[in-house]
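Participant: Below are the chains, spelled out letter by letter.
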Amino acid sequence: MASRDEEFTMLFQEFYPSLCRFLECLLGGRVELAQDLAQESFLQLHRTAWGTLPDGEARFWLYRVARNFAINEFRKSHTRYRLFDRVVEAMSPKARNPEQEYETQERKELVLSMLRTLPEDQRVALLLREQEQLSYRDISQVLNVSEGKVKVDIFRARAALRERWAKRAKTVGAAG
Amino acid sequence: MQSEIRNSNSEILKSMNCDCTEKVSSLIDGELAPTEARELERHLISCVECQEARAAFLNLRSKISEFPADFNPVGQREALSRVLGKGGVVGSGLGWRWIFSPAAFAVASLLIVGTVIALLIYPRSKPTPVSSDEIASGPKKRSPTATPSPMASGVQKGTGSKQNNTAPKSSPSPSTDKNKVPNRKRAPLTFEPAQDNIASKQTGPNDTIAENNIGMNEPTRVRSADAETMTAIHFQKSELLLRSFRNVRLDKAGMSPELDYEKKLAQKLVYQNMMLRREADASGDTQVSSLLESLEPILLDIANLPDKARPSDVRTIRDRVERKNIVALLQVNSTALARALD
Numbered sequence: 015m016a017s018r019d020e021e022f023t024m025l026f027q028e029f030y031p032s033l034c035r036f037l038e039c040l041l042g043g044r045v046e047l048a049q050d051l052a053q054e055s056f057l058q059l060h061r062t063a064w065g066t067l068p069d070g071e072a073r074f075w076l077y078r079v080a081r082n083f084a085i086n087e088f089r090k091s092h093t094r095y096r097l098f099d100r101v102v103e104a105m106s107p108k109a110r111n112p113e114q115e116y117e118t119q120e121r122k123e124l125v126l127s128m129l130r131t132l133p134e135d136q137r138v139a140l141l142l143r144e145q146e147q148l149s150y151r152d153i154s155q156v157l158n159v160s161e162g163k164v165k166v167d168i169f170r171a172r173a174a175l176r177e178r179w180a181k182r183a184k185t186v187g188a189a190g
Numbered sequence: 002m003q004s005e006i007r008n009s010n011s012e013i014l015k016s017m018n019c020d021c022t023e024k025v026s027s028l029i030d031g032e033l034a035p036t037e038a039r040e041l042e043r044h045l046i047s048c049v050e051c052q053e054a055r056a057a058f059l060n061l062r063s064k065i066s067e068f069p070a071d072f073n074p075v076g077q078r079e080a081l082s083r084v085l086g087k088g089g090v091v092g093s094g095l096g097w098r099w100i101f102s103p104a105a106f107a108v109a110s111l112l113i114v115g116t117v118i119a120l121l122i123y124p125r126s127k128p129t130p131v132s133s134d135e136i137a138s139g140p141k142k143r144s145p146t147a148t149p150s151p152m153a154s155g156v157q158k159g160t161g162s163k164q165n166n167t168a169p170k171s172s173p174s175p176s177t178d179k180n181k182v183p184n185r186k187r188a189p190l191t192f193e194p195a196q197d198n199i200a201s202k203q204t205g206p207n208d209t210i211a212e213n214n215i216g217m218n219e220p221t222r223v224r225s226a227d228a229e230t231m232t233a234i235h236f237q238k239s240e241l242l243l244r245s246f247r248n249v250r251l252d253k254a255g256m257s258p259e260l261d262y263e264k265k266l267a268q269k270l271v272y273q274n275m276m277l278r279r280e281a282d283a284s285g286d287t288q289v290s291s292l293l294e295s296l297e298p299i300l301l302d303i304a305n306l307p308d309k310a311r312p313s314d315v316r317t318i319r320d321r322v323e324r325k326n327i328v329a330l331l332q333v334n335s336t337a338l339a340r341a342l343d
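Which chain is which? The protein sequence lines are A and B, in order. Whatever position you read off the first sequence (first residue = 1), add 14 for the working numbering. Whatever position you read off the second sequence (first residue = 1), add 1 for the working numbering.
Treat the hints as calculated values from the structure; they're not laboratory data. Heads up, a few of these hints could be off.
Chain A regions said to be covered by chain B (calculated; three or more residues, Cβ under 8 Å) [to be verified]:
(1) 62-68
(2) 77-84
(3) 138-144
(4) 168-179
By construction, the Cβ of each residue, glycine as well, lies at the ideal position given by its N, Cα and C atoms.
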């Protein structure tokens with residue numbers, strides 16, 4: 015039988031990358047911060063809730079805590095300047111294939127810029143659905159709202175993104 | 002700001018005429034009761050607006066789910082050891098306290114000096130091509146801050162953006178010269194509903210690519226038959242490689258002979274994958290391009306495995322392959338392409 019730490023390691027390995035991605039999308043592309051907050055969420059889980067949660071609850075707990083951390087960051091971000099992140103970014107190795115890197119970055123930026131146009135609750139619900147493939151019920155548990163609200167939020171987010179993407183396509187088409 | 006966004010969203014909703022559009026959103030999430038889903042499927046046959054909404058929502062799904070997840074085994078291990086070991090030496094919780102510590106000052110000073118040196122040297126240096134040997138041997142030392150990123154879709158952050166960076170810009174060997182693609186204007190990244198999606202039936206979240214292949218032999222396709230043939234063959238080879246990789250025995254001592262084959266094959270396929278992906282991008286075949294993009298970091302990871310790979314490295318890649326369900330996607334796509342070409 016796996017020990018407590020082994021179980022935690024398995025959970026970490028399974029969900030850490032997707033939690034980072036979720037936070038990155040939520041925070042508008044701040045990769046370093048997303049990783050920090052993902053680790054902070056796991057740390058909280060390990061310190062406080064690990065072993066006390068019912069089976070299958072840890073994932074929801076993590077997303078809930080991670081989202082709260084992200085909201086705190088939104089509030090703080092106006093006054094906080096992450097010098098260290100900037101320096102690390104400046105020192106990070108450059109892409110070996112600039113063209114490919116540029117394309118990947120462009121796609122990411124496009125998705126992030128579209129997601130940024132959504133209200134936070136719609137963005138979270140949509141990300142949990144599309145990236146984490148949670149059901150409406152699971153999302154309602156994570157966000158502590160009704161399933162009805164989740165359903166409406168996801169639909170509104172999709173409708174808004176569809177419209178904006180279509181507008182963008184027209185603009186790009188007209189320019190090209 | 003948020004209220005402005007909400008107002009603009011409600012205007013968007015008013016522009017939708019059919020009352021069923023909201024249900025379409027639930028339908029693609031599999032959240033409708035069976036009877037309701039059947040009714041809506043019937044409605045979809047006759048309602049163009051709902052068909053378009055469905056196609057657009059599915060495309061949106063693929064865009065968001067393809068967002069590359071950050072996967073860096075080394076960084077992840079370090080993160081885990083920080084969480085398990087030190088308890089508290091991570092993340093934003095450190096805040097200014099950490100930034101003002103003597104160690105941070107030392108690191109920052111080093112980084113600033115390094116930045117200045119790098120800025121002085123960088124303009125003089127020219128980008129050097131990466132040889133296939135480098136891909137084979139992999140990075141000598143991975144940076145802990147490296148954040149590999151696959152554009153993958155089943156899509157865990159299976160790979161990090163830096164993994165893509167190991168892709169060769171060009172290769173000095175003659176066999177890879179054909180991979181050089183002239184600077185073509187890329188098709189704009191748009192989000193228009195694909196015709197293929199409109200006609201397709203409802204499927205699970207990972208079936209979008211397969212769905213879109215149903216209409217591949219329609220007159221609107223712009224990719225050449227040669228490219229499609231090569232893509233189909235490439236998918237088959239990649240599928241075989243991944244199956245073979247999945248079957249590598251990890252409990253056997255000295256597994257390098259078995260992995261040698263996989264690594265060499267992955268190195269060959271990486272080049273072809275890049276070429277075909279660019280071709281698919283240029284011709285606007287986003288579904289094939291997206292699958293190739295998911296595949297690329299996996300091929301790179303296999304190609305970059307060290308000579309004496311650890312079982313955990315192999316397992317990590319395998320897990321990602323499983324998560325992305327990529328073997329099945331390759332099989333479906335190669336079959337669909339082959340049928341379209343018949």
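Participant: Do three or more residues of the region 168-179 of chain A come closer than 8 Å to chain B, measuring C-beta to C-beta?
Facilitator: holds (count 10)
Participant: Quick check: the region 138-144 of chain A, covered by chain B? Criterion 3+ residues, Cβ under 8 Å.
Facilitator: Since 4 is at least three, the answer is holds.
Participant: How does the region 77-84 of chain A fare against chain B when you require at least three residues with a CB closer than 8 Å, holds or violated?
Facilitator: violated (count 1)
Participant: Between the region 62-68 of chain A and chain B, see if three or more residues pass the 8 Å beta-carbon test, and mark the coverage as holds or violated.
Facilitator: It is violated, with 0 qualifying residues against the three required.
Figure legend: structure checked against the earlier numbered hints; hints not met, in rising order: 1, 2.
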